[in-house]
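Student: Protein chains in written order, with my numbering: chain A, 6 to 325; chain B, 23 to 301; chain C, 546 to 879.
In short, the hints are calculated from the structure, not lab data.
Because the structure is a prediction, the values reported are computed rather than measured.
Errors might be hidden in some of the hints.
Not the full set, but computed from the structure, chain C residues with beta-carbon under 7 Å of chain A [unchecked claim]: (1) 782; (2) 783; (3) 784; (4) 873.
Cβ atoms here follow ideal geometry from the backbone N, Cα and C, with glycine treated the same way.
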Amino acid sequence: MNAGDRILRVERLRVSYDHPLGPVRAVGEVSFALRPRERFGLAGESGSGKSTMALAILRMIKPPGRIDGGDVWLEDIPLSGLTDEAMRRLRLAGIAMVPQGSMNSLNPVARIREQIRDALADHGERLSRRAGELRARALLAQVGLPPEVADRYPHELSGGMKQRACIAIAICLRPKVIIADEPTSALDVVVQRQVMETLGRVQAELGAAVILIGHDMGLMAQFVDRLGIMYAGRLVEVAPIVDIITAPRHPYTRLLIESLPSLERKGELRGIPGLAPVLRELPPGCAFHPRCPMAQPRCGTERPAVREIGEDASVACHLA
Amino acid sequence: MLGYLRRNVSLAVGLALLGVLVVFMVVGALTVDTANAQPLSAPALQPPSWDYPFGTDRQGRDLLAVMVAGTPLTLRIGFVAGFIGVGAGAILAFTAAYYRGRVDTVIRSIADIGLTVPQLLVLIIIAVSLKGSLTVNQMAIVVASLAWLSPTRTIRSQVLTLRERGYVEIARLNGMSGPEIIFRELMPNLLPYLAATLVSSVSAAILASVGLEVLGLGPVEAPTLGMTLYWVNFNAAIINGWWWWWTAPLVVIVMVFLGLFFLTVGLDEIANPRLRRSA
Amino acid sequence: MHAIYVIKRFGVFLLIVWLAASLNFFLPKLSGQDPVRTKLLEEASLGGYVHAGIDDMVKQYQQRFGLDKPLWRQYLTYLGDMSRGDLNYSIANYPRTVAGMIGEALPWTIGLLGVTTLFSFVAGTILGALLAWPRAPRWMRWLMPPLWALHAIPFFLLGLVLSWLLAFQLQWLPIFGGYSAGANPAWSWTFVLDVLRHAALPALSIVLVSVGGWALAMRGMMVTTMGEDYVTFAEAKGLRSPTIFVRYCMRNAILPQTTGLALALGQILSGAVLVEAIFGYPGIGALLFQAIEENDFFLIQGIVFTVIVALGFTTFLLDVIYPWLDPRISYRRS
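Excised from the complex, chain A in its bound form (with noise of 0.2 Å):
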């Protein structure tokens, strides 16, 4: 991959935590990029890597966890370059986190324009008290939020309001990429509507590119231009959503979409036999052949390697 016209770039990425058993590998040689303006979705089962990845791009794993190889560009910048200041200056800035704000992320003891305030003042924006309310009313007005949000505490507002709330604060200094872990996992399904609107119209007036990090297949059909599933903390396939549905490379990748329920065809339900494989015990070769229909002995003993397809897609299956 050039880069030319990506954004984003991760490459080789690794990331382990150190277990009292030995070191576990949450995240092995994930590579992507992104170009800018793009929607890429990031989706897999809890404990495949994908909350991982957001902390990795924003250098913000902690012990026992460490990134072990690879780096992220952020257009020619390579992050792992930076000094510790210089990344706390490029968060929020350059990439921006969405946080699943229907839960916890606000300060439960300051007001939401305090919250955005010290955004900006620790990037250097001091502004005056009335110049700071209005920037924070600009702000909310832009995620679809009344100005009195803006004098309220977190608790005073419900799930859908505080995860734009979180979406607020995100775009407050006008990053160049949004990274939106699970943005809408705890809402119902006509707030999910609302905020996954308020975040492409945003993203649209901005000009960035967003990473969705999610496990609602149907939420990223709706939303994304291209998806990536990591299964066991790697990326299996990438692709352009549209492939993805209807011609899907991975058998993993095949048994999400056959998984899904649909409103035509009627029959079983049908999930994916067997359990996500334990971080710390991966299996030999592929991590999902114990799983796979498709398992030839080629695949229990050689992992196989992501093969690019064009510039849009990769693929990491023998069978592929």
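Here the structure of chain A is known, so what remains is to put chains B and C in place on it, guided by the hints.
Tutor: Structure of chains B and C alone, referenced to chain A:
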């Protein structure tokens, strides 16, 4: 087991300190004549010597005998009061947390209000109101009368946390009765926590009893640790330079409190594995 | 909404006051002891009064102290007196009133306790927060074990050791009392200095033990707080380290810490009473000690009642401050 002790330093330290005390008491009981803990057993105000390793006090007590006789007395008060406190507290806490509603409100309010009041002062009123001077066992009862307040509250909050967990619901759906659930589901999970509460309750009881004794409200005849300190204060032993008189009880009391404290922390760590990570 | 909360808390305070008064009244009656008779008998055995005529004396005292009326009347009179602040006469120091004696001693205790508690709380909390912060200087870790060890022992025990070390051995500080014998109580610089020198040992005993407790508690709260989602998001926002430390971590950890203060007040006071008794510091503690020695029942009663009221009031104040610290509380019924 030993491996665990190496990781749970507090538990190891606590057990070590208390172990030393137990050895002291046992060996002392076998070798020292506790009759010498009474006044006029020995020449007064002797600094430590071969005959009197801990020295003697102004009234002619052999201080080694005093320590050997008094330490178990003080510990006994603490254990009796602590056990009663946690026993009563646990019953109240389980009742309140399990049945909730008005029962809970009443029990909780009483405990809360009771805890606002300084325990020592109420104990003083009780002690002063009783006829005559107290015996060791009476001291234990007096201290126990307030000892249930704090355990009730802490055990209650712990039971409440557990109550919301799934297996209680399942037990109830399975048709288990209230008391059955309390004993067979909740208690086993609470045991380490109850143990920690017990130890800290014993510690508080010993503190309360020593406090009462230092003020002169304790069993005057008994050579408990607190009474010894009372005599120390009464006779201005510090100013008079009779350092051995207060050193012995001080060291023993400090060991008791530190031992119980570290034991509590160690038990807390067992009860609450989350604490293990932060160090 | 806020007003109802305050009124409810005040109601609890009044309830405590009433309970304390009633307890004070009924408990002694249960044992059937007559405080006046006991005291007189004691005086008699000490001073060698003739026993005949002691019944007359008792009757006279009983009338004066109101003990000859039926129980419910005594109770009502008692409550009435209490609410007017009349705590009766001191048996041992008659004709001095209990209220008067307490009034003299109380400022000393408030001064000592107020300053030491405030200082220990603030210093301990800040120290505890720093101990939890990974970027704090490494040498601070070494403070932990001694703080741990110290805070497990009662104040007065440390007081004994300190008084031996600093007063007896090194002779740096006076060992006893609130001010030097023969000194003239006045608002002069020398007197104030004298008072401070005498207060140093009791204060040190309390502070050295308490700071450890507060520091350890705060460190625990900080560790919990630092694991919360909002701290992770704060870091993802690219906030500076001090901002996160103070406004996200400390500001949240201070809440359970303050609750801890409210709950610990009773214990702190009990400990302080013992410290004053040992040092002869002329506060409530020493007065109580003296009252116990002299078997002055009304004085003991009065002191216990006053302390319970004072503590109840302080708890009430803290309860009222709390919603100001935690915006979530004004909404929820506590």
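Student: Now, for every hint given, state plainly whether the structure supports it.
Tutor: Cross-check of the supplied hints:
1. 782: holds, 5 Å
2. 783: The hint holds - residue 783 of chain C has a Cβ within 7 Å of chain A, the shortest such distance being about 3 Å.
3. 784: holds, 5 Å
4. 873: holds, 5 Å
In this structure, every one of the numbered hints holds.
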